[in-house]
Structure formats: structure tokens, C-alpha cells
Amino acid sequence: MLTLTALLNTTWLGLQGFVYYYPLFMSYLWMMGAALFYWRFERHDPPFNQPVPLPDTPPVSILIPCFNEGAHAEETLLHALATEYPDFEVIAINDGSRDNTGEILDRMAREHPRLRVVHLAQNQGKAMALQAGSLLAKHEILVCIDGDALLDPHCAHWMVRHFVEDPDVAAVTGNPRIRNRSTLLGRVQVGEFSSIVGMIKRAQRSFGRLFTVSGVITAFRKSAVHHVGYWSPDMMTEDIDITWKLQRDGWDVRFEPRALVWILMPETLRGLWKQRLRWATGGAQVLAKNLDVVLHPSQNHLWPLLLELCLSLLWSYTLLVMVVIWLLGMIVPMGTVPIIGSPLIPQWSGVLLGTTCLLQFAVSKWLDGHYDTGLGRNYYWMIWYPLVFWLINIAATVVAFPKALFRVTGKRARWVSPDRGAHLRKKQRQDEG
Amino acid sequence: MANKLIINARGDLSLRRRLLSDVVTAIMWAGWILLWLPVFFKLRQVIALHLAVEPATMEVLDTLTPISFVHSLIALLGTCTLLLLWTLLPSRKLTHAHGVQSLHDYAEYFDLDEPDIVAGQASRICVVSHDEYGNIVGIAQRA
Chain A
1 MLTLTALLNT TWLGLQGFVY YYPLFMSYLW MMGAALFYWR FERHDPPFNQ
51 PVPLPDTPPV SILIPCFNEG AHAEETLLHA LATEYPDFEV IAINDGSRDN
101 TGEILDRMAR EHPRLRVVHL AQNQGKAMAL QAGSLLAKHE ILVCIDGDAL
151 LDPHCAHWMV RHFVEDPDVA AVTGNPRIRN RSTLLGRVQV GEFSSIVGMI
201 KRAQRSFGRL FTVSGVITAF RKSAVHHVGY WSPDMMTEDI DITWKLQRDG
251 WDVRFEPRAL VWILMPETLR GLWKQRLRWA TGGAQVLAKN LDVVLHPSQN
301 HLWPLLLELC LSLLWSYTLL VMVVIWLLGM IVPMGTVPII GSPLIPQWSG
351 VLLGTTCLLQ FAVSKWLDGH YDTGLGRNYY WMIWYPLVFW LINIAATVVA
401 FPKALFRVTG KRARWVSPDR GAHLRKKQRQ DEG
Chain B
1 MANKLIINAR GDLSLRRRLL SDVVTAIMWA GWILLWLPVF FKLRQVIALH
51 LAVEPATMEV LDTLTPISFV HSLIALLGTC TLLLLWTLLP SRKLTHAHGV
101 QSLHDYAEYF DLDEPDIVAG QASRICVVSH DEYGNIVGIA QRA
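These protein sequence lines are chains A and B, in that order. Letter by letter, the first sequence follows residues 1 to 433 of my numbering. Letter by letter, the second sequence follows residues 1 to 143 of my numbering.
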């Protein structure tokens, strides 16, 4: 009995330690990995707007799937057409849009010789739109961006470099930078995209493989995508899924921080929640689909990624349990549940965690400041991240896992039209008025 | 170019909304600094009592982590080293040859006629039709 009590006590203390110290440990691990990436891959290269000459410049096809993108299509296509690369075509895929996207694309195709338009007779979802675009693309390298993303003129050049260097490279993901910085949410996400997204990609690349490419900007080798059966139409996040499919097949997937694309992000809590829930559900779907990699020693290159994913999920649920126990402790008689401090209100370990988070922002400002000069101005808003913002991500993870498990297999994932910032809502109001 | 692409429509938000986010953020920073007060008090004690800084620093550092500071550092560096060594393990390599797929491969995979694909690739505007299972069943040129 005494042994059992001691075991339970040790487990309880271990779980408390895990909740407090796992994110702390991971944060320093990411910072070290990102610094290593910079030292190995970034420091010697010229500025992103002066790309190194390539020994070979194979032609590329820029694929832009669009669904109800009437407000953005023209701007997106004009930026894609302004790409500084010797030989390229732009293919806009209109996935059965219900607005005026189709007319805009057709008009632009008549005006711009490099632009081609593929209309899908019925709405099929992003994965299927990319598949159709890929089939009709003339070239072997496909640069895929979203219908509201603005491509930097040198982006294709930086990405192609990897395909030329190594025939094992199947995909190269770029560095998305956020355009809309009007509200608190927008500004916090600017920091988040550097300190969390960019830093994790750098660290994962240093220590092995990428968990995911960014669906908003990734270049693919067409034959590699064909080999793994294209993008899965039933996955909520087709980008995470294709990354795992390619890496499981033995292909290499890389991150290129100089390949910039400018994107719009949600600026309302509702829009943010929907987006994070979709990301988390997609991540959980991919976890469930790829758990079997632990049974295959040849897939050992993916084990650290899988371990990190499982630990993150376990951490989210353990934190939830701690919060429930803390709340119960306030209402049930003393001694019924263990007494713990609030996992949400910062105490000493929380202060340390917050400091680490702010330090992570500072490091990422230094890393991504080479490509996005206004990053430092957002630091004032970053205090929200360790205190509030990450709770949204944890809540999304907790909700997403059962959602992914109980999702009907084979059910087609459809487009989600996200909130794209305060400036557009004002424009819509003006249009309506 | 980057500066032209950044959208800062903060001026379009209501004054109330702007003030609210500015003030609440400032309060959060103030709260954050207040959380550090116990550390500042300890530091003041160390200075006032003329204690040796080094052991006091080590004591504070050791309270930061569940194991000692040195052990935490070893764990972190050890994990980095282990992950780097892990990348050297033999793992799955591409078993199939590199190289571009032929038109025949695509036609076979999609169960389409080669001339249809060629026509689609040559067209400026085309329409792709799918069946209810998501298979491509037709490519029609429009321009």
C-alpha cells in the first residue's frame, strides 16, 4: 500500500513537472536548433533580394488554387506574374467559385500570356484543385501558393536551388510573412509566425525532418507528388499529410527562409479559433494515420517528429487535467483532490516560461529580421502570447483530437474561407453601404 | 517591396478599440514586471547583506528547474546531440529511380487519353470535370 502511494505520488509530481517544464525544454531546444540552422544554412547567403545564380534554371509552374477569391485574385496573380525567373507559367485553378473569381481569371488570361486558367466544373476542395493543376502543368517543378498570397519576385529562384542541388528533394517550403498588422491579433501572429512557425521549421530541419510544409507556399517535384499519390482530399490539412507521405517514401523536404510569400491572417477571435482548430485537427489526423511508423525501423527518421507530436498532445491533455483539478480544489472539500497552484496564473515557473517565450521572440526577431524589417515594432504586443494566446492553441489541440478520431474516414475536406483581416471587413462594409 | 505589402489599417479602428488594446497591453506588461518583484527583493537582500553573488546566483538558478541547473543544461545539450546523431542513422532511401514521369504514366494513373492531357496543357483556359468519386473524367478546352 505504501509503495502504491509512493508510486502515485511520484507520478503526480512527475506530471506536474512535465506540465511546467516540457514547454520550457522544447523552447530552448528550438532556439538551439534554429541557431544551428542559421549557422549552417543562412549566414553565408546573400540577401533574399539578391539570389545566387543557379547552374541550371529548370522551368516552373506556379499553381494557385482559388475558391471565392474575387477580392484577391487579381493582386495575387499580378504578383505571381511578376516573378523574376527565366521560364515559368502561372496556372490559376478556379475550384467552382460562386463569386466572380472565374470572370476575373478569364479576363486576366486574355491579358497575360504566361497565365493559364483551369476551371473545375464543380467545387472539389483544395487537394483536388492542386491535383488537376499538377496534371495540366507543363513543368516538373510546381510552386503552390494560396489564392490570397503574394509571392516575392525571388521566391521561385530560392526554392528551385534545392531541386537543382539534390535530386532527392521533393518539396521546399517557404517563409510566410503576415501582411495584415492592424489589430492586436494580427500583430501577435506576426511574432508567432517567426518565433513559433519559423523557428520550429528551422529547428526541425537542423535535427532531421519537417513536421509540415506551409500549404500557403511550397514548391514540389511533380514526379515525387505523383509517386506518393498526390494530395489527400480527405485530410483537413493536406500540407501536413503530403509532407509525411513524401518523407515516408524516402524523399527530402526542406525549408527555405528566403523564399518569401506575404499572406493574410484572421483578425477576429472566431476566425483565429476556426483556423487553429482546423490545423490541430489536421495534425491529429496525420498522427493517427502515421502512428505505424514506429513499427518500421526504416522510418526511424520520422520517430523524433512522432514523439514530439505525441508529447505535445499528452502535454495539452495533462494541462487540462491540472486545470480541472485546480478548479475542483476550489469547490470540493479539502483533501478530496490534490492541492495544486493554478496552472494558468503565472507563478515562479510560469514567469520563467514567459521569459523564455519572450526570449524566443527576440531570437526569432534576429533570425527573421533579415527578411521582415518591421518585426521589432511588434514586440510590445508579444506579452499576450505567453499569457493568453497560447491557451487558444492548447484548447484547439484538446478539442481537435477527438474531432479527428471521430471524423468519418474518406470524407472530403472542403475549403474554409477564413477571416482575412480588419481592413477587408471595413472594405466589405463600404461596398455594402 | 515588403513595406508596401504590409497592411496597417489601425487608423480605421475605433478610438475606443485602439485605446483598449494599447492600455490592456500596457497593463499586462506592468503585471509581468510585478511578477518579478520577489526576484528583485531577493537581489536587494543579497546586495544589502553583502552575500557572495555566485552561490546566490546558483541557488536561484537551481530553483528554476526540477533538477539542478547544470543537469538541465546537460539534458538540453544531450538531447541536441542525440537528435543530430539520430539523423546519421540509416533510414529509408528512395527505392525508385528519379526522373520525370512520362505522359503515358500520367494518362495511365488518371485513366485519361494522352491527347486530352496534351490539349489541356496547351490550352489557355480549360474546364476539368470530375465524377462523384473525385476522378477526373474530362478536360475541355475553352481557349
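These aren't lab readings, by the way, just hints derived from the structure by calculation. There may be inaccurate statements among the hints.
As the list claims (entries may be wrong) - Some chain B residues well away from chain A (every beta-carbon gap over 12 Å; in silico):
no.	residue
1	Ile7
2	Thr25
3	Ile27
4	Pro38
5	Leu43
6	Arg44
7	Gln45
8	Leu51
9	Val53
10	Ala56
11	Ile117
12	Gly120
13	Ala122
14	Val127
15	Asp131
To be verified - Among chain B residues calculated to face chain A with C-beta under 10 Å, some are:
no.	residue
16	Leu5
17	Trp29
18	Ser68
19	Val100
20	His104
21	Ser129
In this text, a Cβ means the ideal position worked out from N, Cα and C, and glycines have one as well.
Claimed clearance of chain A by B/Thr25, with the beta carbon kept past 12 Å: Given that some Cβ of chain A is not farther than 12 Å from that of B/Thr25, nearest at about 6 Å, it is violated.
Interface exclusion of B/Gln45 relative to chain A, criterion Cβ beyond 12 Å: Label holds. Min Cβ-Cβ 16 Å, cutoff 12 Å.
Hinted contact B/Ser129 with chain A - closest CB pair below 10 Å: At about 4 Å, which falls below the 10 Å cut-off, the nearest Cβ of chain A leaves the hint on B/Ser129 intact, so it holds.
12 Å cut-off, C-beta based - B/Ile7 kept clear of every residue in chain A: Given that some Cβ of chain A is not farther than 12 Å from that of B/Ile7, nearest at about 5 Å, it is violated.
Given as non-interface: B/Ala122, partner chain A, CB spacing beyond 12 Å: Non-interface label fails for B/Ala122: nearest chain A Cβ at 9 Å, not farther than 12 Å.
12 Å Cβ clearance of B/Asp131 from chain A: violated, 10 Å
Interface hint for B/Leu5, Cβ within 10 Å of any Cβ on chain A: This hint holds: B/Leu5 lies near chain A, its Cβ roughly 5 Å from the closest one there, short of 10 Å.
Non-interface claim for B/Val53, where every Cβ of chain A lies beyond 12 Å: holds, 20 Å
B/Ile117 remote from chain A - nearest C-beta pair above 12 Å: violated, 7 Å
Assertion that B/Arg44 lies farther than 12 Å from chain A (Cβ): Nearest chain A Cβ is 17 Å from B/Arg44, so the label holds.
Non-interface claim for B/Ile27, where every Cβ of chain A lies beyond 12 Å: violated, 10 Å
Agreement of hint B/His104 with chain A interface, Cβ distance less than 10 Å: The hint is violated - B/His104 has no Cβ within 10 Å of chain A, the shortest such distance being about 12 Å.
Hint compliance for this structure: hints 1, 2, 3, 4, 11, 12, 13, 14, 15, 18 and 20 are not met, and every other hint is.
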